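*Asks:* Spelled out from the first residue to the last, the chains are:
Number of protein chains: 2
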Amino acid sequence: MKIAVIGAGNVGSRLAKLFILAGHEITIGSREQEKAIAIAAQLGETVKGAKYADAVASADVIIVTTPWANNTTLDVVQELGDLTGKIVIDCTNPLAPDYMSNTLGYTTSSAEEIAKLIPGVPVVKAFNTIFAEVMEPGKQIFDGQKATGFYCGDDAAAKAIAAKLIEDAGFEPVDAGVLQNARYLEPMAQLNIQIAYGLGGGTNVAFRYMRR
Amino acid sequence: MKIAVIGAGNVGSRLAKLFILAGHEITIGSREQEKAIAIAAQLGETVKGAKYADAVASADVIIVTTPWANNTTLDVVQELGDLTGKIVIDCTNPLAPDYMSNTLGYTTSSAEEIAKLIPGVPVVKAFNTIFAEVMEPGKQIFDGQKATGFYCGDDAAAKAIAAKLIEDAGFEPVDAGVLQNARYLEPMAQLNIQIAYGLGGGTNVAFRYMRR
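Just so you know, the protein sequences line up as chains V and R, in that order. Residue 1233 is where the first sequence starts when you use my numbering, and the numbers rise one by one after that. Residue 1233 is where the second sequence starts when you use my numbering, and the numbers rise one by one after that.
Because the hints were derived from the structure by calculation, they are not lab data. Mixed in with the good hints there might be a few duds.
Identical chains blur together in the list; that is why a pair holds if it fits in one copy or across any two.
[What the hints assert, rightly or not] SDA-like, lysine to any residue: derived pairs with alpha carbons at most 25 Å apart:
(1) K1348 to S1333
(2) K1378 to D1307
(3) K1396 to T1339
(4) K1283 to V1410
(5) K1396 to G1433
(6) K1280 to E1264
(7) K1378 to D1407
(8) K1371 to L1315
(9) K1348 to G1430
(10) K1378 to G1432
(11) K1318 to S1333
(12) K1280 to T1340
(13) K1396 to G1432
(14) K1348 to E1399
(15) K1396 to L1431
(16) K1371 to R1444
(17) K1280 to Y1441
(18) K1348 to L1250
(19) K1249 to R1444
(20) K1283 to D1375
(21) K1371 to E1257
(22) K1378 to L1336
Here the structure is a predicted model, which is why all the values come from computation and not from measurement.
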C-alpha cells in the first residue's frame, strides 16, 4: 500500500519503519517540503518526504500521528487537502500538553472530531493504545503474546485495511466496533499513560485482549 | 478478611465464591434478611446472609456489585449505614439499562460518585473491567497468562487490601493510580462490553496488561 504518514514523532516514525518492513511505500508528509525530506532520509532510503498535499495525493492510506494539543491535529487535517477515495487512520489521543489528562471524552473523541472535518472520508481509530516504545520489531510480543491493536470505525472496507496494517506492524488486530467507540479507546490510552508515566511503570508495556 | 458482598448478581456471587476459596469470611448483604439468607445458602454452607446494616457491621471490606441503572447503587450505598473504619471496593460500571453505553464519564465516574456519598471512607475501584464469566476458578488464566485486575484509589492501605483480594481471586493486580482514574477504567469496561455483546465476541475474554 501507499501510505502517507502525517507527523513524524515517536509514533509516526516507528510506524513508518514497521510499514516499510512489511513492504509498504511510505511518504512522510510535513508542512515544509525540506523538513519532510530530511525526516524521510533518516527513516530509510526508500522513504519519500513531501509537503502535505503531495504526500496525500500519492497515498491510499493517511496515517495521522500528530500531537493533539494546541489544535495541531485538527489544523493539520484541514491542511491536507482533498482526501476523497482515501482512508484516514487516526492514531492520536486528545492529550493535554503535559500528556496527563485527556482534553475531551465521553460525548466525543479525537477520532470523531477528525471525522467531522472530512465528511465522506472513512476514518479508523487505531494504534492509539500502543506506546511508541513497543512499535519496534520484536517488541510487539511479550512472553510469546502479541500486543493488541484495537481499531474502530464506521466503514467496513477501511476497517479491513486498518486491520491488515495493524497485523503488518506486528500487532494483533481486535475490532472494537463503530468509530464512536473511540470514546473508550482514548481513555484506555490515558490509563496506559497514567500507569507508565504517572506511576513510573514505564512504556515497555502493552494491553492484550485475551480470548479463549 | 471479613467481607460483605453487596449485590449477589453475576459478579457478586462469583466474587463471593472466589473469596471463600481464598479463605475469607463472606456475608451477603441484601435489603431483606430472608433474601440475603436464601442467596447465601446457594453460595455455600459457610456464607452468611444479613440485612445491609448487619452485613456491613461485621465486615472489614464492603464489595459493591449492585447494578448502576435507576440509581440502584447510589441508593444502596446510602442504605448501608455507618462505614467508618471499613473500606469499600467498587466493582460497578455506570451502565445504561441495556448495558451498551455508560451513563457518565470524563468529568466523573461511578467510583467518584460513590465516594462522594461516604466521605472519609476509602473507596477503591476494582474488578470492573473483568467479566463475571472469567471470575471462576481456572478461568482467570488464558494460555498461561493471568487476566489483569486494574484497581485505583486514593488510600494506599485500602489499595493494598484491594490488591490482595484481586490476587486472592486469581487475577494479577495492576495499580492504576488515583480514584479519579476510574474515569479511564469505566470506559475500558464499556469497550469490553462493546466487543463482547455489541460485536458478539462473547464474555470469555479478558484484558491483560503485559510488562517486560
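*Asks:* Hint by hint, say whether it matches the structure.
*Replies:* Hint-by-hint comparison with the structure:
| no. | hint | result |
| --- | --- | --- |
| 1 | K1348 to S1333 | both (23 Å within a copy, 22 Å between copies) |
| 2 | K1378 to D1307 | neither (34 Å within a copy, 43 Å between copies) |
| 3 | K1396 to T1339 | neither (29 Å within a copy, 35 Å between copies) |
| 4 | K1283 to V1410 | neither (31 Å within a copy, 43 Å between copies) |
| 5 | K1396 to G1433 | between (30 Å within a copy, 19 Å between copies) |
| 6 | K1280 to E1264 | within (13 Å within a copy, 71 Å between copies) |
| 7 | K1378 to D1407 | both (15 Å within a copy, 22 Å between copies) |
| 8 | K1371 to L1315 | neither (33 Å within a copy, 46 Å between copies) |
| 9 | K1348 to G1430 | between (32 Å within a copy, 24 Å between copies) |
| 10 | K1378 to G1432 | both (23 Å within a copy, 22 Å between copies) |
| 11 | K1318 to S1333 | neither (31 Å within a copy, 31 Å between copies) |
| 12 | K1280 to T1340 | neither (34 Å within a copy, 45 Å between copies) |
| 13 | K1396 to G1432 | between (33 Å within a copy, 21 Å between copies) |
| 14 | K1348 to E1399 | neither (27 Å within a copy, 44 Å between copies) |
| 15 | K1396 to L1431 | between (33 Å within a copy, 19 Å between copies) |
| 16 | K1371 to R1444 | both (23 Å within a copy, 10 Å between copies) |
| 17 | K1280 to Y1441 | neither (35 Å within a copy, 36 Å between copies) |
| 18 | K1348 to L1250 | neither (29 Å within a copy, 47 Å between copies) |
| 19 | K1249 to R1444 | between (32 Å within a copy, 22 Å between copies) |
| 20 | K1283 to D1375 | neither (41 Å within a copy, 47 Å between copies) |
| 21 | K1371 to E1257 | within (22 Å within a copy, 43 Å between copies) |
| 22 | K1378 to L1336 | neither (29 Å within a copy, 32 Å between copies) |
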